[in-house]
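Which chain is which? The protein sequence lines are A and B, in order.
The first sequence begins at 116 in this note's numbering and counts up one residue at a time.
The second sequence begins at 17 in this note's numbering and counts up one residue at a time.
Hints were generated in silico from the structure; no laboratory data involved.
These numbers were taken from a predicted model, which means no experiment stands behind them.
One or more of the hints may lead you astray.
To be verified - Straight-line Cα separation of at most 25 Å, BS3-like style, residue types lysine-lysine; simulated pairs: (1) Lys516(B) / Lys375(B); (2) Lys516(B) / Lys140(A); (3) Lys452(B) / Lys366(B); (4) Lys452(B) / Lys375(B); (5) Lys516(B) / Lys366(B); (6) Lys89(B) / Lys140(A).
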Amino acid sequence: MSHGQDGHHEVKPPEGWMDRPDTVKRLLQVFYVLCGVLFLAEFLLLGAENAHPHPLEERMRFFVYPVYGFISFWFLVLVARPMRTLLIRSEDYYEGGGAYRGDEEGGHD
Amino acid sequence: MTSLPPFVLFFVGALVVALTKGAVRKAVVLGVPLVGLGSLWMGAGQDVAASGPQLLYQLELIGYTLTPFRADKLSLLFGYLFHIAAFLGFVYALHLGDGAPDGSVAEDVGEDDVVGNGTATLQHVAAMLYAGSALGAVFAGDFITLFVFWELLAITSVFLIWARDSERSYATGFRYLIIHVVSGVLLLSAALMIAHRTGSIEFGAVPLQGAAGWILLLSFGIKAGFPLVHNWITEAYPESTPTGTVFLSAFTTKVAVYALARSFAGADPLIYIGTAMTFFPIFYAVLENDLRRVLGYSMINQIGFMVAGIGIGTAMAVNGAVAHAFADVIFKGLLFMSMGAVMTMTGRTKGTDLGGLYKTMPITATLCIFGAAAISAFPLFSAFVTKSMIMVAAVDEHHYIVWLFMLFASAGVLEHAGIKIPYFAFFAHDSGIRTKEPPKNMLVAMSIGAVLCVLIGVFPGQLYALLPFEMDYHPYDTYHVVTQMQLLVFGALGFITLVKSGIYPDEKRAVHIDAEVLYRRLGPWLVRTVGGAVARVDAAVRASVMGVVGSVLGAADRSHGQMGPLARSWPSGSMVLWVAILLAAYLLFYLWEFGL
Chain A
116 MSHGQDGHHE VKPPEGWMDR PDTVKRLLQV FYVLCGVLFL AEFLLLGAEN
166 AHPHPLEERM RFFVYPVYGF ISFWFLVLVA RPMRTLLIRS EDYYEGGGAY
216 RGDEEGGHD
Chain B
17 MTSLPPFVLF FVGALVVALT KGAVRKAVVL GVPLVGLGSL WMGAGQDVAA
67 SGPQLLYQLE LIGYTLTPFR ADKLSLLFGY LFHIAAFLGF VYALHLGDGA
117 PDGSVAEDVG EDDVVGNGTA TLQHVAAMLY AGSALGAVFA GDFITLFVFW
167 ELLAITSVFL IWARDSERSY ATGFRYLIIH VVSGVLLLSA ALMIAHRTGS
217 IEFGAVPLQG AAGWILLLSF GIKAGFPLVH NWITEAYPES TPTGTVFLSA
267 FTTKVAVYAL ARSFAGADPL IYIGTAMTFF PIFYAVLEND LRRVLGYSMI
317 NQIGFMVAGI GIGTAMAVNG AVAHAFADVI FKGLLFMSMG AVMTMTGRTK
367 GTDLGGLYKT MPITATLCIF GAAAISAFPL FSAFVTKSMI MVAAVDEHHY
417 IVWLFMLFAS AGVLEHAGIK IPYFAFFAHD SGIRTKEPPK NMLVAMSIGA
467 VLCVLIGVFP GQLYALLPFE MDYHPYDTYH VVTQMQLLVF GALGFITLVK
517 SGIYPDEKRA VHIDAEVLYR RLGPWLVRTV GGAVARVDAA VRASVMGVVG
567 SVLGAADRSH GQMGPLARSW PSGSMVLWVA ILLAAYLLFY LWEFGL
């Protein structure tokens, strides 16, 4: 609590653990380590049986799933962005509105 | 021990709910699904285990056999599921009528009754009838009984949309009703054609040949959210009340999945329709701002896996499809519950308005993450042990391209339901909203859902034992666990790199047009434009025809009118004169002719 200019108590917004940059940085570090472990886990698969092999797995042999997962996300977003240009309309489009008016309508990252 | 058709208890329960309130009503809404589940398990469930499929309460009607209660492993699985879903839904909706929840800031954005306290009775009664209708449909053994419950599903559930009591919800509800009634009419038409051709109305496998098969498929497809007829899902779910959407997400589409599994298992077109359903909604889900609408697209994506599995048609694939339907009702219900809790406490569901809620709603955030992990198919969660059966069946049947699309769609699920939903609601930027956790009953319902997601994932054998076909499948092997973790974690790495590089699209206060534009903008525009042109041509033709008719009538009036020469009245004196002239002329002619 702190005192404002008019003498009233002001409620200080609670700080969450995700507000601390160190915490976010540490979480990301843990995540990158997990990525590394799973990358190395590929070698575990050399001795593991795949009861239902797909031709893609047989042809690429290594890192099929990490590469596919990563590329899928990028592909999804890189297709969705131009789709938005084509499809976006104002929020009241179905109530008689028209084209999207850009930043006037708001949004955030 | 034979039990009553399960819908009966729910319909009687709805009557009791309508006539009671307070603690009695709460006891009834919780008791009906629990008693119903116990009765089904101990009655028809044991009978089927001991003696195989049961056809109960059959009666003859104009030469056809009606079967209101057919119990076999397939219908029982959905029967158990719908009882569980109804129980979870009613626990979640138990606070209706108790006033605004403590700590809710929904009024700040003009949502004076976001819970729907004013429509509490309507919601409880409609939900009870809706759940009963879903049970009636899955236990129907003939097309006429199915048709009755198919229409009741629409008529009862629309009140859960109208219960929001807004202009937009009324309009959405009417569109929803029209679409579902059309589906019912198609079902009845197909049923009559099948009855005419085969002499039977049994609700069983139907060959995808001729008009009857395709019309029936379209009828089921409308309710399942096939491409181009899918927008009732993305329209209706965001417009219902927080509790209403939880019920809506559980029943209608799953009844359609059941119907497809019953009638069209092994129909090739379903493989490609289902694959398309897994694929296209994930692009919309990336862009969409309303998080309940994102979950609507996610619903279509998940049903796509089920539809494709039914199309593949092997024992493994159909088992995978219905097992995934079972898991989906619970994890999707959990996600809708978490967004409903956010809506209840903040009055908002859009990504642009939310963020940072983990500070004030940490339990809800955690439970939402359980649902996100389950739908993303992380090991030890439910979809890992259900969706993989469909993927394995696709490879076993050499549908390699389909498998690649499904794998892409699996990554897409992680993006929109696994990351986007919890990230934009509970983390991302701090929206400044300060609220509290939702009412305890909502937390309890979400907790039960989260526990079930884990239980199914950890002990899949319990669910597998309920599946309709024998199979030998073990989801937990090194290869499956490692590759699935690789797919998901490197997909998440893709998300982080996209956000960090600023390429990930912002949330926008906007809509993204979809097939609904055909009937919400193009249709009305066509009616206005074509109708206007037709009206103008009609007016011109009428004017010219009326001109011609007027001219003819004018001419007739001039000659035959009151003062016209051909209609003038002649005095008798004149007539005598003219007769005398004529006689004189005749006399002269006579004299001249005879030479006199």
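Results of checking the hints against the structure:
Restraint check for Lys516(B) and Lys375(B): satisfied, since their Cα atoms lie roughly 23 Å apart, inside the 25 Å limit. Restraint check for Lys516(B) and Lys140(A): the C-alpha separation of about 13 Å stays at or below 25 Å, so the hint holds. Taking the CA atoms of Lys452(B) and Lys366(B), the gap is near 18 Å; set against the 25 Å cutoff, the hint holds. Among the hinted pairs, Lys452(B) with Lys375(B) is consistent with the structure: their alpha-carbon atoms are about 9 Å apart, no more than 25 Å.
For the suggested pair Lys516(B) and Lys366(B), the alpha carbons sit about 22 Å apart, so the restraint of at most 25 Å is met. For the given pair, Lys89(B) sits about 51 Å from Lys140(A) by alpha-carbon distance, which is inconsistent with the 25 Å threshold.
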